[in-house]
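**Student:** What follows is each chain in one-letter form.
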Amino acid sequence: MNSDQSKPLHFEYRFEFENGTSKQFPVDLDGQTLNYINNSPARPEWTELHFQQCENCPLGHDVRHCPVAVNLAPLVEEFKDSVSFEKATVTVKAPDRTYVKETTLQKALSSLVGMLMVTSDCPIMVKLRPMARFHLPFATTFETMYRAISMYLTAQQLVRRKGKDPDWDLKGLVKIYKDISTVNKGISRRLSAASTKDANVNAVVILHSLGDAVPFFIESGLDELEPYFHEYVQVEGQPAK
Amino acid sequence: MNPRVLVVDDEDTLRLTLKARLQSNGFDVSSASNGEEALEIMKTHAFDIALLDVNMPQLNGLQVLEVIRDQHPHTDVIMLTGFADFSTAIECLKMGAKDYLVKPIEPTELLTRLQALIRARSSERALFEYQQRQMSTIIYNILGPLNMLHSSLQHIAMVLEKGKSDVAQQLLGHAQELNEKMAQHLKDLIDVSNLNLTGVDLSRSRADLKALVEKVYARFEWRSNGKNLKLTKNLPAKLPNVEVDSEKVEQVLDSIMNHAVSTASSESTVAVSVTKAKTESGDGEEIVISVTTDKSSMDANEILMLFNQSVEDSLAGPALGPASLGLAIARKILEAHGGSLSIDSTVGKRTEYRIRLPIH
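Here the protein sequences come in this chain order: A and B. Residue numbers for the first sequence follow our numbering, so the first one is 1 and each next one is one higher. Residue numbers for the second sequence follow our numbering, so the first one is 1 and each next one is one higher.
Isolated chain B, as found in the complex (with noise of 0.2 Å):
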């Protein structure tokens, strides 16, 4: 595949000319009149290197970098200045830009830092994906004798069952538990990794989303019971069927209930509702999950984390629980449904997630 590069520029004989120079040089080219085009573009195209003016009217240069390296990490940015404004140039680098040229730009020199930049992106790629394989390797090492632990586990129930011993009953339930948690933050790893690795592939057919609640709230029940919780399900006679990844929808409520289960606190109500409802901007409709808890232990720095953080900044950054990475994979998962994922949370007392997902 081509390298693909935004030009953004107000001056539009500078767009054509590079365009032109750089689709000449074998790049697909995308170019942009100010900042907010831009960044509209850029919802729905991506983009290997964003060359971007710094003195733009409305959304100057610099604005729209602070925008494209929290939306858009994995676009490079070269800055444009016409005016030799060093500190500018040195700010911008520090903003998270790889590079700035100085207008009037010379072609070679253009082509020459493009190509670097993508040597260089190609480099790390290569060693990342070097690196997601050797994790996923690991992740499969240590799964396996946490399954053999499992079935030992399960095994010493069966046997503990008929002396019944509470004490060792109850030291064992808590090992299983941790066993089942352990097994659960591998699994969620390794879709990291993927995720990484291949993006969100989604697999889409029509699905009916209720029976997919259904058998998801179905699971938790009985989670719901040894942590003294109740449950409680408010759903429609009929709802209509949505174009979706099924799969990776029912990952999603799994991260969303396992993680409103761990985190609410002792007798207190978990209550999973689904209803239709027009989008915000009033021109469709979309499905919204939502799942409640009235007393929770999550708090607010952590939900600010989980929607501030990427992926792999989950991984790399303060440790949050496990269960909120499979809410940050879950996050992931809605956006490439067209959907989304929020979160409203006041400590110690109510927490409700809400899942949107557009009806096609």
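In isolation and in its complexed conformation, chain A is listed as follows (with noise of 0.2 Å):
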């Protein structure tokens, strides 16, 4: 655990490629608030809050850009005129241990802009910023959906000692990842408009299945993840399957 809340949540992507070229993309958190400390400038006109505007933005016209879009813009320079399926070596320092990937880029990005997105301010994708403190990059679908209901459970226990009514249906969680997929939309269009290639679009579209699967999940029982659970569901009287 990062114990000391003053101090900066330290990030960095290095990707290889198979070309022998490098880049390197460091992430800063805010230690406390785990706001993406962004210190580029840049605010191209994609950013801009009335430019494909998600259909469920709650932001008024006070605010001048949208915020995932100026958290992203640093990262869609970088790499927008690269293709999805070019394989890299992937190498993330964490601020607890570094993970190495052969992946594609598009499957690393994604784990990238996932994070740029709920460090950002949006009102929407502020709710899953939790899970950037545990962040876990190159996730599959089943540790996000894990990672998602741990999360969304843990926030409803606090809930619960807040004296308020917890939701142990899930179907806040449920609620979230479908606005969520509103927003993957509108931000892949933003992405479409800056990137001449596909990486940047696609890493989008890899947290759209993502938060797809999420909910669709949910909604089926999670009967994918409850063989882990056996010591907790078996039922008395009844031999184990």
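The set of hints was computed from the structure by calculation and includes no laboratory data. Treat each hint with caution, since some may be false.
In silico lysine-lysine, DSS-like type, Cα no more than 30 Å apart, as pairs [claimed, not checked]: (1) K233/B x K87/A; (2) K276/B x K233/B; (3) K278/B x K197/A; (4) K178/A x K98/B; (5) K197/A x K19/B; (6) K238/B x K278/B; (7) K210/B x K276/B; (8) K349/B x K332/B.
Predicted model, so just to flag it, every value in this text is computed and none were measured.
Reassemble the complex: the two chains are provided individually, in unrelated frames, and hints are given to aid placement.
**Tutor:** See the structure below:
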């Protein structure tokens, strides 16, 4: 754990491509708020709020730039000419450990894009912000589902401790992901306008697929996860499966 | 039967979520992570719809689309693009894709498009089946009088035999030949109609291929005499029995012999040979039946048309000789057996028809 919350959380993504070239992208998050510390002054046209604004955007005209787009702008600039299926060895240095994976650029970028989106001031994406503290690069569909549910149930436990009504049915989480799905669509439209190749857009497409999977699997009863929870769910008197 | 969908995308998250979504909505779903894998799966499994990513490594979506249009014309394709490139989308539609979706894909939009496509396919199929049934009825209506004409011509032949009028006999022979050609063409049309409705439905059993070849060969001996052709055969003393649909393989042999005899020039030789050989991959054995004519009137364009067209196109496209329709059907039957038909021809010279049937 980051015991000293006054210090930023530092992540670094390093991409080594098969042709010998490499790219690095550092991400610093505020230790307390988990906000992305964005030192880039870049505010290209596609970051303006009214440009392909998400259908469910709650922000008013007093906000000039889309907070998600602003956070993504430095990354988009770096990878605007990159092809999604380009292979790379990606090393992610996180505060507590380092991850290495041979993967496609789109897969690695989706982890990074996801982190930048939830650490923006977007009122919709902010609901997933706790997940940035426990960032898991290259997460699979089921890892994402598990992390999202864990995060949400932890939040409900904290809600209960504050004397409010917790949502143990995960209905609120389904709603959050449905809203995020709309944001992902809006952001992918922005990125299409900002990129000449497909890596950036496909990174959001992957996030959208992951996001789409969460409400889908929750609504279909979490059957995929149940086998791992046998010790909790077995009915007394019935033989173990 | 549930609609069968093949999802082709190099991104595993998308494949997994699309598959789960579609399965929960009653679709039978398979998936492939690249174009090569998709085409390999399609060799053994039929699909109603393929969802095909445009940007994939190695074979890209457009290249895969081209192969699907050529080799699996009954599979409709919806292209998926992660990049809002409308010129590519239009190109896909021009190349024969039925629709395209821009990623990220909204599940409800995908399901709506799929259901619309399935409804359209089902209506097209119903119309097609109606047309095929109508065609069969018309053909049967023509075949009846044609058979009566055949009997009448036979009767006249018997009467003329007594009078021995050479000119009349010659004209009569010509009329009989035309009559048989028409009847054969109509029978082929019935076969096409049946193939289109049910596909190649095989009823396999152990069969003596040598005996089948002998039987068909005997049928064509008299025709070769009439055309002043020399017919020869070279069959091994023994051949292993093979698991085939005897009736359909006999139809194949008939069609090939019919085509060879029809296109062979006068005074040429039609040679039939049968051998057992190793398959090209070297992991099995096959029976190779070769029919060769040393002087053929078949031209390369005709072969090209024959092998580039589906059976349906053979009917609708530029006119092939009546016997060629039989060859198109023969090719389908052999492919259903896991075999093949190839034709190698030099105009005015040699034509070789080669049938390969695997020994299972």
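**Student:** Each hint: holds or not?
**Tutor:** Right, here's what the structure says about each hint:
no. : hint            : result
1   : K233/B x K87/A  : 59 Å, violated
2   : K276/B x K233/B : 15 Å, holds
3   : K278/B x K197/A : 49 Å, violated
4   : K178/A x K98/B  : 29 Å, holds
5   : K197/A x K19/B  : 27 Å, holds
6   : K238/B x K278/B : 17 Å, holds
7   : K210/B x K276/B : 11 Å, holds
8   : K349/B x K332/B : 27 Å, holds
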